[in-house]
Structure formats: C-alpha cells, structure tokens
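Based on the sequences and whatever the hints tell you, model everything.
Protein chains in written order, with numbering that gives the first Met the number 0: chain A, 0 to 262; chain B, 0 to 446.
Don't take every hint at face value.
Unchecked claim - The calculated BS3-like cross-link candidates involving lysine-lysine, where the alpha carbons are at most 30 angstroms apart (straight line), are: (1) B:LYS28 x A:LYS183; (2) B:LYS61 x A:LYS219; (3) B:LYS136 x A:LYS205; (4) A:LYS205 x B:LYS134; (5) B:LYS270 x A:LYS183; (6) A:LYS205 x B:LYS148; (7) B:LYS134 x A:LYS94; (8) A:LYS183 x B:LYS252; (9) B:LYS252 x B:LYS28; (10) A:LYS205 x B:LYS295; (11) A:LYS183 x B:LYS61; (12) A:LYS198 x B:LYS295.
Keep in mind that the hints were calculated from the coordinates and are not lab data.
Small disclaimer: the values here were computed from a predicted structure and weren't measured.
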Amino acid sequence: MAEAIKVPTMAEYMAEGKKPEVLFWVGCAGSFDDRAKKITKAFVKLLSKAGVEFAVLGTEESCTGDPAKRSGNEFLFQMQAVTNIEVLNGYEIEKIVTACPHCFNTIKNEYPELGGNYQVMHHTQFLKSLLEEGRLKVEGGKFKGKRITFHDPCYLGRANNEYEAPRDLLRKLEVELVEMRKCKSNGLCCGAGGGQMFKEPEKGNKDVNILRTEQAIETKPEVIAAGCPFCNTMMTDGVKGKDKEGQIEVMDVAEMIADADDL
Amino acid sequence: MQLVSQILFVIILVFGVGFFTKNIQKLIKYIKLGKSVDRKDQPNERFANMARVALGQSKMVKRPIAGFLHILVYVGFIIINIEVLEIVIDGIFGTHRIFSFLGGTYDVLIASFEVLALLVLVGVIVFWIRRNVIKLKRFWANEMKGWPKNDANYILYFEMILMALFLLMNAADYQLQMLGADHYASEAGIMGAFPISQFLVPLIDGLSVSTLIIVERAAWWLHIVGILFFLNYLYYSKHLHILLAFPNTYFAKLKPKGEVDNLEAVTNEVKLMMDPNADPFAAPEASEGEDDVPAKFGASDVQDLNWVQLLNSYTCTECGRCTSECPANQTGKKLSPRKIMMDTRDRLEEVGKNIEKNKEFKDDGKQLLGDYITNEELWACTTCNACTEACPIGIDPLSIILDMRRYLVMEQSAAPNELNIAMGNIENNGAPWPYNQMDRLNWANEN
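Written out as structure tokens, the structure is:
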C-alpha cells in the first residue's frame, strides 16, 4: 500500500489561521469499522489526488445522533446534534461532505432547525462535482466492462432523491451497469436503517439483507456497488451468507474509483 | 302519483345527504382530536401535489395494471356524476331527461356515460377477480380478515350493481322512447344515444309499455337510492379515500422523506441543559413555558398523534402497496404499515365514540400501543420509507411508528437491549460502538 496520506484536522487549520474548502465528516462507521475505514481511506486518497483542501474533526467528531433519533431517543439525538453544531459553528464550517448517507441526511435535513446550516453533500455527489470541474479524472481501469449493480441507500435515494450521482460515477468507470428489479425509488432496504444495524432483527422467515442480496445476485454482478457503510456491511454479510464471496465483491463507489486508478 | 314520488324522492335525498353531512362532521371532529401540526405553508406546492397525485393519479400508475383499471373506475365515477345531477333534477321536478335540450351534446354525453359505465363494470370485475380468484398476496394478509375483506368486496358488488342498473335503466328508457310511450318519447326524436344499453334491449323486447315503465322506474329508483346509500356507506368503509385523497395529498409532508421532525419540547429542555448560565438549583423559572411541555413524549394513543396522521388513517383504502414494499413484512416480520393505519383508525373510532358517550374521554383501559400495535411491530421498522413512497395518496405510516418508538424509549425506557447498549455508547463515547472518542482519527495512521 501507498504511504499514509496526511489527514489534517480542523484544529490544525485553525491554528494556522486557514480554512479548508470542505469538512470531511467521517462518521462512526468510517472511523471505527474495519470495512468502512477502507472506504474512508479511499475517499481521502481521491480528495488529495484532486487537490481538495479538506479537513476532518478528528477526535472532536461525535455521532450525529441518527441511530438514537430513529430508535425514538429524541433527547439523545438533540444532545448530540447541539454538541456537534456547536463544534461545527465554532469552526465556521460552511461545506460538509460525508460518505455516510445517514450522517448526510441528518446534518442536511435535521440540523438546520437546531442552528446548524451547512451545504451538505454525499461523497458521490462531491466526487461528481470534482469530475465536472475537471479536478478529478475517472477512467475505466480494472472495472471497464464489468457487470456492476448499484444498491441504493435508502437515506440517499428515497430519503433525499439522489439516485444519479453514484450511477454517473459508475458510468464514468465504463462498467456495464445492470439494475436490480427493485431499484431507485423502489429499491429494497439492506435492513440496517432505523437502528436495526445495532440489534438483532425481529422474528421472521428471512433477514432483509439476504433478500436484498438475492435480488442483487439475480443481476449476475461481479461487483455490488454501495454508497453507505451500513449497506456495505449488510450486503457483504449477505454475499457471504449466499457463499458467493469468491465471485462477488461489495465495494463502495469511492473505493472503485480509487481502485480503478490504482491509488 | 307523480307528486307523491317527487315528495318521496326529496325526502330520501334530504335524508341521504343529511346523514352523510352529519357523518362528515363527526369525521372532522375525530380528526381534530389530533395534535396540531402546521401544514398550511407553501399552498402552491400543496395544490400541485394534490393535482399530480390525487387528481392526476401519478402514483397509481406505478403499478400499470391496477393503475390503468383504477383510472377507468375513477374517471367513470367522476364523469357519471354529471348524469347523477340530471337524475336528481328529474327526481325533484318529475321531469324526464331534463338536459336533453342540449341536443347533439346530450347524445354525446349519454353515450360517453354508457361507455364509461361499461368500462367501470369491466374494471371492477377485474378488481374482484384479482382479489378473490387470483388472490393477490397483499389482499390476503393477516389484517385483511373479516370486515376489511368483506368491505372491499361489498364496494365492488355495489359498483357492479350501480353500473348494471344504470345501463338497464337506459335500455328500458330507450325502448320506451322507441315505443312512443307518454312522458318518455319526445317529438324531437330519441333523446340520448345508447351505444351500450342498446344491446340490452333484446332482453326486454317483448315487454308491454306498462311493464317497461316498471322496469325503468325500478332501475332508476334503485340506482339513485343505491348511490345515496353508497355515499353513506363511505364513512364506515375503507372507501373514504375517494373523498379524503384530496385533502390528504394537500396536507402531506413536502419535506425530504428522510427528514424527521425535531420534537420542540425536547429542544427546549436540551437548550436549558446546554445553557452555561442556567442555574441548576433554580426553581422551574420557565413556568410560563411549562404548559407547552406535553404530558408525555411520543405517542401511546391516538390523541398523541397529530391530525394529519389521523386524517391519514381515514384516508387509507387498505390497498396494501405499503405492506408489499415493506422490507420487514417481505421477510416475514409482523410489521405491516397498512395495519398501523387500520389500527389507528379503529382506535380513533373507539376513542371518538367514548368521548361522545361520556362528554370527555373516559379511560377504557386500552390504548393504541399494546392493545392494537405491538412493540414487536414497531421495532421491526428499518425507517426506509418504502411505505411512504409506495402509498398512492401520500399516507405516512412511518411517522406513527417513530412517534410510538419515542414513547417507548423516552417514557418507558423500553427499547430492545441491544439498542439501549448502542444508545449508551453514543451517550458515553460518541459512537454506537464502545470505542473511545479519542481514537476517532486512528484510521489515518493505519495501513
């Protein structure tokens, strides 16, 4: 692997009296989950390759409160939100990018009323804008011609109506993009939202991620592309559950772009 | 004789419309039991949403077969109402085909009513077959047993009978006009065009004028009384959607689906907690704001929900598109968003009747949570918004689920244990997992 890339923090920028172009909100999964950390690193590589002046909050970042809110704990959510907003406003943050659709949705939609107003982008939207500005080049590389299906994260798709940014990036990779029969606004959840990531599912006859993985497998993909660390975990588990880990990879769109470029 | 039937008609009409009005007033009263929520902003966008989704049926056609058939029945229902207007005027004044002075236009109108009546009949028969012969899964779920199943079929039978009566009435009328019967025939020639009912004429060909009049009158009376009965059946039925779809789409949430409202009462408390100048030992100084703090957080019964959620419950026509798209339901869990709406309506009716009987709500030892909707259903939701996306008329079962989770967590601390652990972690170390916040940036130095 390449040498570690420098990841500046807001505190460091502040000490130098400078402001970064964008704050990268890493999120809990991106900070702590071994699989999601790879997505974080891939995205950081893309940011530095494109020459984006970015910073992270580092140890000053804390959970947005999304899982608490959707589990019904509005108190805990608002405590988290208000604390985070205080930090963000303290640094006079204007633009935030995150690789987690849950963080994206919460900061974008639920923070403004509590005093946190920022321009918030999902990393696929941000990468697309870098592409359009000519700061980042995306070429097919190793994914050219491969069969790829994209699993829409609920909190990016239905929740915020963004279906095209990740697909546009995949098209740039010159992949053969195949859609599942349930996609975009009709997409099936991976099963992790609403706090489900942190608990056992209720009794039923199947796990949601298995059903979703079956729908993905129907398209005979070589890679299941994802745009959310939780979806990534759920689909990875699903692929393992179906004994397909040898044939099908689950990758974040950012990882694919970094990989195609051998970053 | 003519006068007697006119008087009788007016009495039935007044009674039918009056009873309907009374029930609608009751409906509004029950909906107003809900908490206030502001849905009067952005009137232009709200109108546009109503025009697109309710009037334009834009979401119905997402499932093309059901969508197409539904449009036939819907358009038929609306257009044929013009004919009902004529029938009502004829009934009151004892006239015969009062609009026939329109001449050629009248022929076109009657002809199109007939074609639509046939299309409605076909549509409704296919609906019946889908429900009872093909047995589409969503019509046979657990919550569709008993009344909901019968209700759905009664509506279909009703529409079949009404359309058949309408066509039979026209056939007899046409035959009477051709036979030159008094009161029916006109010197101007045949009034109306009968492209469909003309095929029924052979069935009544040999009948005398007096028998034909009996057939025509019977069909006429049964048809209009049937319509008035159907109007009054609505309140007791899932079929209220034909009226409530319009206000329901108008008042629907316009914000992004992912945005969940921030509880204001919580905001006030959080602000107080975060205020460095707040004196922790001060007597509750904000006592004038005390009244604003609700007695409880979240919802355990229908009165804790807002009026839009209650309107949603009356609007639901139990089509089950939400449930068939729900990831939890598809994988065999107990949660069914449709059942959430049905339970809310059933409980609201119960609470409303309770209030009417006792002047104010008298504790009946029951509530929406537990007696209707179980914790197991509520915790199975992934908040994915598949249900709200699937609903053809803008119903939001997810908001009810979240409000009830709020009650479970903030009033009862009754979250599943794993969730309590995750929430404890968020509280203590800022992540749902037990990692130290000081380690948040460790990934940057790992290879």
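Structure-based check of each hint:
A distance of roughly 40 angstroms separates the Cα atoms of LYS28 (chain B) and LYS183 (chain A); the hinted pair therefore is violated under the 30 angstroms criterion. A distance of roughly 26 angstroms separates the Cα atoms of LYS61 (chain B) and LYS219 (chain A); the hinted pair therefore holds under the 30 angstroms criterion. Using a Cα cut-off of 30 angstroms, the hinted pair LYS136 (chain B) and LYS205 (chain A) holds, with the two alpha carbons roughly 18 angstroms apart. Note on LYS205 (chain A) and LYS134 (chain B): the hinted pairing holds, with a Cα-Cα distance of about 23 angstroms set against a maximum of 30 angstroms.
With a C-alpha separation of about 39 angstroms, the suggested pair LYS270 (chain B) and LYS183 (chain A) falls outside the 30 angstroms cut-off, and the hint is violated. Among the hinted pairs, LYS205 (chain A) with LYS148 (chain B) is consistent with the structure: their alpha-carbon atoms are about 27 angstroms apart, no more than 30 angstroms. Proposed proximity of LYS134 (chain B) and LYS94 (chain A) is contradicted: the alpha carbons are some 52 angstroms apart, above 30 angstroms. As the CA atoms of LYS183 (chain A) and LYS252 (chain B) are separated by approximately 20 angstroms, the hinted pair is consistent with the 30 angstroms bound.
Between LYS252 (chain B) and LYS28 (chain B) the CA atoms are separated by roughly 22 angstroms; this keeps the pair inside 30 angstroms, and the hint holds. The straight-line distance between the Cα atoms of LYS205 (chain A) and LYS295 (chain B) is roughly 36 angstroms, outside the 30 angstroms bound, and the hint therefore fails. For the given pair, LYS183 (chain A) sits about 13 angstroms from LYS61 (chain B) by alpha-carbon distance, which is consistent with the 30 angstroms threshold. Proximity of LYS198 (chain A) to LYS295 (chain B) is assessed by CA-CA distance (about 26 angstroms); at most 30 angstroms being required, the pair is judged to hold.
Hints 1, 5, 7, 10, counting from the list given before, are not met by this structure.
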